[in-house]
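As you go down the protein sequences, you meet chains A and B in turn.
Quick note, the first sequence lines up with residues 1 to 270 if you use this note's numbering.
Quick note, the second sequence lines up with residues 271 to 451 if you use this note's numbering.
Don't take each hint at face value.
Within a straight-line C-alpha distance of at most 25 Å, the following computed DMTMM-like cross-link-like pairs (lysine to aspartate or glutamate) qualify [as the list claims (entries may be wrong)]: (1) B:LYS335 <-> A:ASP60; (2) B:LYS335 <-> A:GLU49; (3) A:LYS92 <-> B:ASP426; (4) B:LYS335 <-> A:ASP71; (5) A:LYS74 <-> B:ASP426; (6) B:LYS339 <-> A:GLU108; (7) A:LYS74 <-> A:GLU108; (8) A:LYS180 <-> A:ASP241; (9) B:LYS335 <-> A:ASP59; (10) B:LYS320 <-> A:GLU73; (11) A:LYS55 <-> B:GLU338; (12) B:LYS335 <-> A:GLU108; (13) B:LYS320 <-> A:ASP71; (14) B:LYS320 <-> A:ASP82; (15) A:LYS75 <-> A:ASP241; (16) B:LYS320 <-> A:ASP176.
The set of hints was computed from the structure by calculation and includes no laboratory data.
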Amino acid sequence: MIEIKNLKFHQYTICTNILENENTGIYCPHEDVVKQLLLILSGINYSNECFYKNKILFDDEKYFQERIYMDCEKKYVHTLLDNIIQNLIATKYHKVFHQDLFKKYVKELLIRCEGKFDIEYNFNNNGNQLVNLALALAIYAFRILYHPFSYIQDTKKIEYLKNEIKEKRGNLIGIDSLKKYTGIFDKLIILANNQVIEIKEPNTKFLVIFEIDEETISDLNLESILLYRSIHNINNIIIQDLLTKEQKKKLNHNKERIKEISIYDLEDYI
Amino acid sequence: MKRCKPYIISFVCTLFLLFLIDVLLNEKAEMSLYVLCMTTGISSFLIGQKYSLNIISLGLGLTRKQLEKQFIIHVSIVILISIISIALNYVFIFIMSKIFAPQIRMIIFTYLASLFLGILGFIIQNIPNKWKIIMIVLGLIIFIGTIFIPNQIISDIILLIMIILLYVCNKIIIRKIPLEG
């Protein structure tokens with residue numbers, strides 16, 4: 001389990017736990033924030049507020065053995081020969097690599113068709129991401145992935161990969177869009193406008209309430225379920241759909257505009 | 271063995287380079303040291319680049335401490351190779367200074383010349399008649415020419431090169447000549 005104890009990061013203060021057998025997503029409208037946070041959580045950049053098995057995880061050998069960090073937009077793989085990859089992963093990085101699984105992904109995702117016609121053997125952006133994901137899913141470790149689907153266009157391949165990620169639990173994924181990653185996560189951490197939203201039940205419904213004043217918020221006792229307050233208009237709020245009958249009655253009476261949304265529509269309102 | 275290959279190649283090349291500098295340019299200690307410092311410096315720089323911090327290595331499981339350790343080990347090996355090269359170079363100079371004594375020089379020259387003439391004779395026996403005279407004449411010119419070269423080391427080297435060439439030609443001839451039974 002990764003413990004984050006009062007990590008002060010940009011304008012956010014993060015305090016949470018990330019379980020190794022869960023799929024956790026991190027989203028922020030600013031991509032750089034997600035990338036830097038993942039580099040801290042993978043132990044590559046320094047922080048003394050992140051722990052793994054009660055030890056600071058920065059440059060910790062044991063933690064590095066049990067996790068991989070992959071920026072899915074970078075080039076990692078220049079060959080599909082699984083023997084060569086297996087040899088390298090085993091000797092240089094001392095990790096377990098499932099050759100058969102990798103071969104299966106190469107076949108299912110048609111990665112061989114994604115090569116660029118050039119003097120060197122290279123993949124295009126789409127192919128590069130597919131091969132990176134195939135590699136990551138074939139390595140037996142806790143996976144920290146940055147932007148796994150940013151270049152992949154084919155919805156069938158995305159759905160296939162989503163199913164594989166869901167099956168192989170133990171992934172921490174930094175995402176660029178909530179809508180592309182529906183149904184994968186057991187937990188979502190959203191960083192937006194100085195606020196950290198932690199959602200443990202991704203199937204929960206949310207309500208966007210437009211033009212609500214402070215008096216109504218305190219009258220209806222909405223502070224406990226208030227999730228987010230928009231900076232564009234501080235009178236727009238997002239709450240979890242845990243309203244009682246009375247609260248709903250009062251809201252309807254005050255003619256507040258209310259809209260029901262899913263967690264994956266949140267990015268339109270933050 | 272595969273892992274040692276780059277180091278063996280580096281070692282042999284450095285030694286050969288030093289030999290050339292010593293023998294051909296007649297420069298000894300100072301030049302050798304400059305060459306070694308340069309090659310050690312460039313090698314260390316390239317090794318440092320290879321083990322520099324990069325997110326791919328760190329992401330897949332190597333820690334910063336491990337990268338640093340590997341860098342130090344590889345630079346140490348390069349420096350060790352340089353030190354051994356210097357030591358062997360001085361041993362070589364010492365041996366060569368003994369070999370440079372006139373009597374031993376004559377023995378070496380005689381041996382090389384005999385080898386040269388022997389292989390030449392063997393080839394001449396096996397080549398067609400029209401080439402025999404050409405080969406005899408050429409061989410004699412080279413042989414007499416090497417006797418009269420003032421620098422004896424250069425004449426030894428030329429003989430050695432000619433022997434190697436003749437040996438290679440001989441191999442080709444032996445393979446191609448049709449025998450009549």
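Quick rundown of the hints versus the structure:
Of the supplied pair hints, the one linking B:LYS335 and A:ASP60 holds, its CA atoms being roughly 9 Å apart against a limit of 25 Å. Proximity of B:LYS335 to A:GLU49 is assessed by CA-CA distance (about 20 Å); at most 25 Å being required, the pair is judged to hold. Taken as a hint, the A:LYS92 and B:ASP426 pair is broken in the structure, with Cα atoms around 49 Å apart against an allowance of 25 Å. In summary, the hint linking B:LYS335 to A:ASP71 is supported, as the alpha carbons are separated by about 22 Å, within the 25 Å threshold.
For the proposed pair A:LYS74 and B:ASP426, the alpha carbon gap of about 58 Å is over 25 Å, so the pair is violated. For the proposed pair B:LYS339 and A:GLU108, the alpha carbon gap of about 40 Å is over 25 Å, so the pair is violated. Straight-line distance between C-alpha atoms of A:LYS74 and A:GLU108 comes to about 22 Å, which keeps the hinted pair within the 25 Å bound. Proximity of A:LYS180 to A:ASP241 is assessed by CA-CA distance (about 23 Å); at most 25 Å being required, the pair is judged to hold.
As the CA atoms of B:LYS335 and A:ASP59 are separated by approximately 8 Å, the hinted pair is consistent with the 25 Å bound. Distance hint between B:LYS320 and A:GLU73 is fulfilled; the C-alpha atoms sit about 22 Å from each other, no more than 25 Å. Restraint check for A:LYS55 and B:GLU338: the C-alpha separation of about 22 Å stays at or below 25 Å, so the hint holds. Using a Cα cut-off of 25 Å, the hinted pair B:LYS335 and A:GLU108 is violated, with the two alpha carbons roughly 39 Å apart.
About 20 Å separates the Cα atoms of B:LYS320 and A:ASP71, which keeps this hinted pair within 25 Å; it holds. A hinted pair counts as satisfied when its Cα atoms are at most 25 Å apart, and B:LYS320 with A:ASP82 qualifies at roughly 24 Å. Distance hint between A:LYS75 and A:ASP241 is unfulfilled; the C-alpha atoms sit about 43 Å from each other, more than 25 Å. A distance of roughly 32 Å separates the Cα atoms of B:LYS320 and A:ASP176; the hinted pair therefore is violated under the 25 Å criterion.
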